[in-house]
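Novice: The chain contents come next:
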Amino acid sequence: MIKKKTIIAVLALAGALFAGPAFAQEEEAGGHGAVHIDKQSWTFAGIFGTYDEHQLQRGFQVFREVCANCHGARLMAFRNLSEPGGPGFSEEQVKALAAEYQIADDTVDGGMRPGIPADRWPSPFASDQEARDANGGAIPPDFSVLAKARGVTDAFPFWAFNYFTGYQEGGVDYIRALLVGYHDEPPEGFELPAGRFYNDYFPGHAISMAPPLFDGAVDYVEAEGEAAVPETVDQYARDVSAFMMWMAEPHLVSRKETGFRVLLFLVVFAGLMWATKTRIWKGIEH
Amino acid sequence: MSEHSTYKPANGVEKWIDDRLPIIRFSKEHLMDFPTPKNLNYWWTFGAILAMCLGIQIVTGIILAMHYTPNVAMAFDSVEHIRRNVNGGRVIQAVHAVGASMFFAAVYIHIFRGLYFGSYKAPREILWIIGVFIFILMMATAFMGYVLPWGQMSFWGATVITNIFSAIPIVGDPILQLLRGGFAVDNPTLNRFFSLHYLLPFVIAALVVLHIWALHVPGNNNPIGVEVKSSRDTVPFHPYYTMKDAFAMVVFLIPFAWFVFFAPDILGHPDNYIQANSQVTPTHIVPEWYLLPFYTILRAIDFNVLFIDSKLGGVIAMGGALLILLVLPWLDRSPVRSGNFRPMFRWFYWLFVLNFIVLTYLGAQPAEGIYVLVAKFCVAYYFLYFIVILPVLSRIEVPKPLPASISESVLGKAHA
Ligand code: HEM
Numbered sequence: 012m013i014k015k016k017t018i019i020a021v022l023a024l025a026g027a028l029f030a031g032p033a034f035a036q037e038e039e040a041g042g043h044g045a046v047h048i049d050k051q052s053w054t055f056a057g058i059f060g061t062y063d064e065h066q067l068q069r070g071f072q073v074f075r076e077v078c079a080n081c082h083g084a085r086l087m088a089f090r091n092l093s094e095p096g097g098p099g100f101s102e103e104q105v106k107a108l109a110a111e112y113q114i115a116d117d118t119v120d121g122g123m124r125p126g127i128p129a130d131r132w133p134s135p136f137a138s139d140q141e142a143r144d145a146n147g148g149a150i151p152p153d154f155s156v157l158a159k160a161r162g163v164t165d166a167f168p169f170w171a172f173n174y175f176t177g178y179q180e181g182g183v184d185y186i187r188a189l190l191v192g193y194h195d196e197p198p199e200g201f202e203l204p205a206g207r208f209y210n211d212y213f214p215g216h217a218i219s220m221a222p223p224l225f226d227g228a229v230d231y232v233e234a235e236g237e238a239a240v241p242e243t244v245d246q247y248a249r250d251v252s253a254f255m256m257w258m259a260e261p262h263l264v265s266r267k268e269t270g271f272r273v274l275l276f277l278v279v280f281a282g283l284m285w286a287t288k289t290r291i292w293k294g295i296e297h
Numbered sequence: 007m008s009e010h011s012t013y014k015p016a017n018g019v020e021k022w023i024d025d026r027l028p029i030i031r032f033s034k035e036h037l038m039d040f041p042t043p044k045n046l047n048y049w050w051t052f053g054a055i056l057a058m059c060l061g062i063q064i065v066t067g068i069i070l071a072m073h074y075t076p077n078v079a080m081a082f083d084s085v086e087h088i089r090r091n092v093n094g095g096r097v098i099q100a101v102h103a104v105g106a107s108m109f110f111a112a113v114y115i116h117i118f119r120g121l122y123f124g125s126y127k128a129p130r131e132i133l134w135i136i137g138v139f140i141f142i143l144m145m146a147t148a149f150m151g152y153v154l155p156w157g158q159m160s161f162w163g164a165t166v167i168t169n170i171f172s173a174i175p176i177v178g179d180p181i182l183q184l185l186r187g188g189f190a191v192d193n194p195t196l197n198r199f200f201s202l203h204y205l206l207p208f209v210i211a212a213l214v215v216l217h218i219w220a221l222h223v224p225g226n227n228n229p230i231g232v233e234v235k236s237s238r239d240t241v242p243f244h245p246y247y248t249m250k251d252a253f254a255m256v257v258f259l260i261p262f263a264w265f266v267f268f269a270p271d272i273l274g275h276p277d278n279y280i281q282a283n284s285q286v287t288p289t290h291i292v293p294e295w296y297l298l299p300f301y302t303i304l305r306a307i308d309f310n311v312l313f314i315d316s317k318l319g320g321v322i323a324m325g326g327a328l329l330i331l332l333v334l335p336w337l338d339r340s341p342v343r344s345g346n347f348r349p350m351f352r353w354f355y356w357l358f359v360l361n362f363i364v365l366t367y368l369g370a371q372p373a374e375g376i377y378v379l380v381a382k383f384c385v386a387y388y389f390l391y392f393i394v395i396l397p398v399l400s401r402i403e404v405p406k407p408l409p410a411s412i413s414e415s416v417l418g419k420a421h422a
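Residue numbers (our numbering), protein chains in the order written: chain A, 12 to 297; chain B, 7 to 422.
Just so you know, these hints were derived from the structure itself, not from any lab.
Treat the hints with care, since some could be wrong.
[Said to hold, decoys possible] Residues from chain A shown here face chain B by an in silico Cβ test under 7 Å; the list is partial:
no. : residue
1   : 159
2   : 189
3   : 224
4   : 228
5   : 231
6   : 266
7   : 288
Predicted, not measured: the structure shown is a model, and the values here were computed from it.
Just so it is clear, CB atoms sit at the ideal spot from N, CA and C, and this is done for glycine as well.
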């Protein structure tokens, strides 16, 4: 017999577990969410989320051809691109890709050598100062974990639901919005400093990154058996954001798969424990 | 405590050991035969859950320390290295980070259980006081742990929190410099925090041993707060409570696993994925959620009192909010332990719980506008509860009649 009090207790416990941290949430976007940002549906969201290989490959193409001219990804190794749960390139493809890049290495003649799969993605600038000089004083942030270093703020009380839905896509929602949020002209009365660009979603609206994408900027290699993907800013933004999520969270798929099994086990195990417990306590008034 | 023991060495070897180090006898007495009130509800499983949490933190922490590098240039990347390249690293790291939050959720429930059922009252004062020390050490440990990944919140949180010490007259600045290992938070700070973060959990573990020792002298309190009268009121700890605690632990692991596998970062701050940068201050510096109530108390004192300036006043209030728990057993003089039999106390208790949740909420809000005012009221109630309400209630409240014994109470319930 489950007592009413027990049920209330469990509910209260669940409430307390979720409510406490929930209160800390509101500020969590770190000022990046003053404007409303539309949540997108991502393949990697939710309990069964996995990356779409083709999307990651397209996102990688956008990253490599456009963003990598300014942004680094110092924690991503070439070999990661062929690891399970990622864009799914073959080892040969990765080897060939790495070899296209020159890697700084003081132990070889001339200080440069062609890349190998174990090398990290080379940074486009030799130093922060060089990066700053080339970008009007702003440093293009490294992409390795950028998708987790941004977030969106939900109004009260909606952030509380995120604990139950496991919403972890705030960073990509923000990045996608940022990439499509440019305007040629700032709204009337807005003083846009020289060398800045007006963006709806960037905090303060004046960003030092020129709109990096335009329709047709990247010529997608068509994947076998896939319908042609539109070559629009919107599509590029989605794809490169998904790729950035993978870069920041390369083991997401295996993590969620394990998690599903763990939860299933725990629920069943808890049921068995409950049965044993009631059995043992049978006949004891308490 | 040998009176509970039914231990008879089973063979010559056990007898030989028992004559020299009666450790098997001790374990049997304390982990198996220990007479435990039979009416404990699920709030009493949190002690066991906390022990599990401490174990999880220590085990995962030791593994993390094998791969972590306490150096300002490498700390951030080394944590990412764990997440990316160490086998199972993403999960181990997430268990440790989420585990800290779960540990605090459990400890707050454990403390509020004690507050409601009057578990701090005689003869359990020392048990309670050890608990308060454990709680303070847990906060110190968690705070230092949060600094280790060397993200923006790590760095700025460390700067703001260590700065608290500078408010103390005369000794404040030397203490601050000793803590930081210099004038600003930097590599020496990271090194000493790492060292202390590794040390303190073992100090906590030692205190937990004392905590349980102090528990096993008077035995458990229980939901009706009437002491055990006879062996009819109790059941042996094993198998009754080992099984019940084990069940509760597994249930506790369900939300735990949910966070670890499906939302490992939701309890943290996105800014901590940006490497620490002393040149860029984040827009809002927010401590971890479990420190927020005390952070609110710290910030609420924004006025000078006589010769005490607001900064020192905040530190006194925050310290006082913790230290007042130490003398709680002597503030609440009501002879009735359990809130179930205290009609007036209950109202003030639940208001205190609500007040504490609001204090948590306010800690994450900017200190401006209406929040400042509400924070002051909440801080006032926090202290009034201990200093005025509990002492006065013990004089004026008429408690409901208590059952004669635990057995009587459970039988009454069963036949009602
Ligand atoms: C690492 C943290 C802690 C651990 C592992 C721990 C462990 C335990 C255990 C196993 C029990 C017996 C079972 C139960 O009543 O739940 C207990 C009881 C108790 N604990 Fe703790 N505890 C911790 C922290 C605290 C703190 C922070 C406080 C108070 C500030 C506290 C106060 C008490 C009291 C008053 C009791 C007696 C409860 C009763 O018998 O009614 N404990 N603790």
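Novice: Check each numbered hint against the structure and report the violated ones by number, ascending.
Specialist: Hints 2, 3, 4 and 5 contradicted; others consistent.
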